[in-house]
Amino acid sequence: MSNFDFEIIGRSLGYLFFEGMRFTLTLTFLAAIGGVILGTGLAIIRLSGGRVLSAVAAGYVNLVRALPLVLVIFWFYFLVPYLGQWLTGSSRPIHVGGFASALITFIVFEAAYFSEIMRAGIASIPRGQAAAGLALGLTPLQSMRYVILPQVFRIMLPVLLTQTIVLFQDTSLVYVLSITDFLGAASKIAQRDGRLVEMYSFAALVYFIVSFAASRGVQRLRALIAVPR
Amino acid sequence: MHRHQGRAVGYNWNWGIFWEQSPEGNGTYLDMLVQGLGTTLLTAALAWIIALVVGSAVGVLRTLPGRTAPLLASAWIELFRNMPLLVQLFLWYFVFPDLLPTPWAIWLKQLPNASFVTAVIGIGFFMSARVAVQISSGIEALPLGQRAAATALGLTSAQTYRYVLLPMAFRIILPPLTSELLNTIKNTSVALTIGLAELTARARAVQEFSFQVFEAFTAATLAYLAINLIATLAARWLESRVRVPGYGKA
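First to last, the sequence lines map onto chains A and B.
Take 1 as the starting number for the first sequence in my numbering and just add one per residue.
Take 1 as the starting number for the second sequence in my numbering and just add one per residue.
No lab work stands behind these hints: they were computed from the structure.
What you are looking at is a predicted structure, and each value in this text was computed from that prediction instead of being measured.
Where is the CB? At the ideal position from N, CA and C, for every residue including glycine.
Among these hints, one or two may not hold up.
[Unchecked claim] No farther apart than 25 angstroms at their CA atoms in a straight line, the calculated lysine to aspartate or glutamate pairs in the DMTMM-like style are these:
1. A:Lys188 to B:Glu208
2. A:Lys188 to B:Asp98
3. B:Lys109 to A:Asp5
4. B:Lys109 to A:Asp193
5. A:Lys188 to A:Glu19
6. B:Lys109 to B:Asp98
7. A:Lys188 to A:Asp5
8. A:Lys188 to A:Glu7
[Claimed, not checked] Some residues of chain B that are not near chain A, with every Cβ distance over 12 angstroms (derived):
9. Ile50
10. Leu72
11. Leu86
12. Leu153
13. Phe170
14. Thr193
15. Arg236
This is chain A alone, in the form it adopts within the complex (with noise of 0.2 angstroms):
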């Protein structure tokens, strides 16, 4: 400890950030937008879809919720080639770089929380609404798109917001692929220099400062945002 060497963690910060945070930031943003998208998709296929649809939406939501995110990282890593090759029609499987492998994934994992997230809130607006709107003349789905949905994301923002934060934590699980997100970069450097101690506790104090600005952020959204009832 007498020896903890702050110049290592100086002389690396543009790799850290540029490379690592960059990777793991553009991968938060992105598997949180695909993941909302894709979660609202099965969200509404559950509540609305037909019997079948919706059993094998709700059996998805529940293998991927019942399955740890490293197991499934693997999963994606070994099994998007296969996937591509089958969706081609090449001859053998395809490579796929270490980012799209990993975004693919995160989006197919958390979309399935995402998607009880926007279940719960789809369920909490009044059914007299959806009602309101096929009496207006939209469509089941407009009336989705139109009256339903914009209520439910209001609602639902401080919790996807929190969801995303969890999020930002999970990608850190890439390093079993050996990816250079920010915890593979300190990693990298960590074990390269022999400095494991300064590069892990300055990316958890990264971590943590980013996470807890973060929700404190979402707190405060909180209240702004909440119906005085």
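Model the placement of chain B on the given structure of chain A, informed by the hints.
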């Protein structure tokens, strides 16, 4: 995989792989996975005990009157909630020993099962923050009159928690606690990064030895689903066992 066109290079399935000897020389590939499952369950069980004990204490602190206790509890919760579990495990495994006096650090690093001990403590504390949030919101969900009634009966603060508030709070939060237990089990897989030979790590090892990646992962997936199902059914049984007659279910 799905279409067998001519010379397409596909995946060669071999479900018999589980009964073949593993190159580790002490059993079949199936044995590897079963050992991994055992490690997963043992690690999760011990981590869950830590999470419940520490989480209950912190959760109670958070609901005490005054400022200091709730502040300390909130600090604990924020600390363990705002760092990824993987980073926390690295802190326990690589950083924590360096903060100790040298002889202790050496002893700690030379523990034969250091990754197991680290996983139990790291996951236990990580989950304790989540349990604490559930406990304190369970206590806060109780009508204020319960605390007042206990005080009026002459119970001390400790007795109020022990005999009035906690028994009801635990019942209220049984469903969310169940999902935290399932999270604990799933989170043990993160400990493969510090070398714990749990289920996902063993499935990965089967894949590396035999190249039968999808069989190995399917087996692990089915095991996790079975754990989930059993835990969910057990929790449902427990909920009905401990239900207080006449106390409306929320």
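Problem - Assertion that Phe170 of chain B lies outside the chain A interface [Cβ separation over 12 angstroms] - result: At about 24 angstroms from chain A, Phe170 of chain B clears the 12 angstroms cut-off, so the statement holds.
Exercise for the section: Just double-check Leu153 of chain B for me: nearest Cβ-Cβ distance to chain A has to come out over 12 angstroms. Expected result: holds, 34 angstroms
Handout entry: Pairwise hint evaluation, Asp5 of chain A against Lys109 of chain B, where the allowed Cα distance is 25 angstroms at most
Key = holds, 22 angstroms
Exercise for the section: Take a quick look at whether Lys109 of chain B and Asp98 of chain B sit within 25 angstroms of each other, Cα to Cα. Expected result: holds, 10 angstroms
Problem - Restraint check for Lys188 of chain A with Glu7 of chain A, where alpha carbons must lie at most 25 angstroms apart - result: holds, 16 angstroms
Problem - Leu86 of chain B remote from chain A - nearest C-beta pair above 12 angstroms - result: It is violated; Leu86 of chain B is separated from chain A by about 5 angstroms at its closest Cβ, not greater than 12 angstroms.
Handout entry: Status of Leu72 of chain B, Cβ more than 12 angstroms from any chain A Cβ
Key = Fine: 16 angstroms to the nearest Cβ keeps Leu72 of chain B off the interface.
Exercise for the section: For the pair we were handed, Lys188 of chain A and Asp5 of chain A, check the Cα-Cα distance against 25 angstroms. Expected result: holds, 16 angstroms
Handout entry: Proposed proximity, Glu208 of chain B with Lys188 of chain A (alpha carbon, max 25 angstroms)
Key = holds, 23 angstroms
Practice task
Could you check that no beta carbon of chain A comes within 12 angstroms of the beta carbon of Thr193 of chain B?
Solution key: Incorrect as stated: the minimum Cβ-Cβ distance to chain A is 6 angstroms, not above 12 angstroms.
Practice task
Mind verifying the non-interface call on Arg236 of chain B? Its CB should be farther than 12 angstroms from each CB in chain A.
Solution key: Holds: least Cβ distance 15 angstroms, greater than 12 angstroms.
Exercise for the section: For the pair we were handed, Lys188 of chain A and Glu19 of chain A, check the Cα-Cα distance against 25 angstroms. Expected result: holds, 12 angstroms
Figure legend: structure checked against the earlier numbered hints; hints not met, in rising order: 11 and 14.
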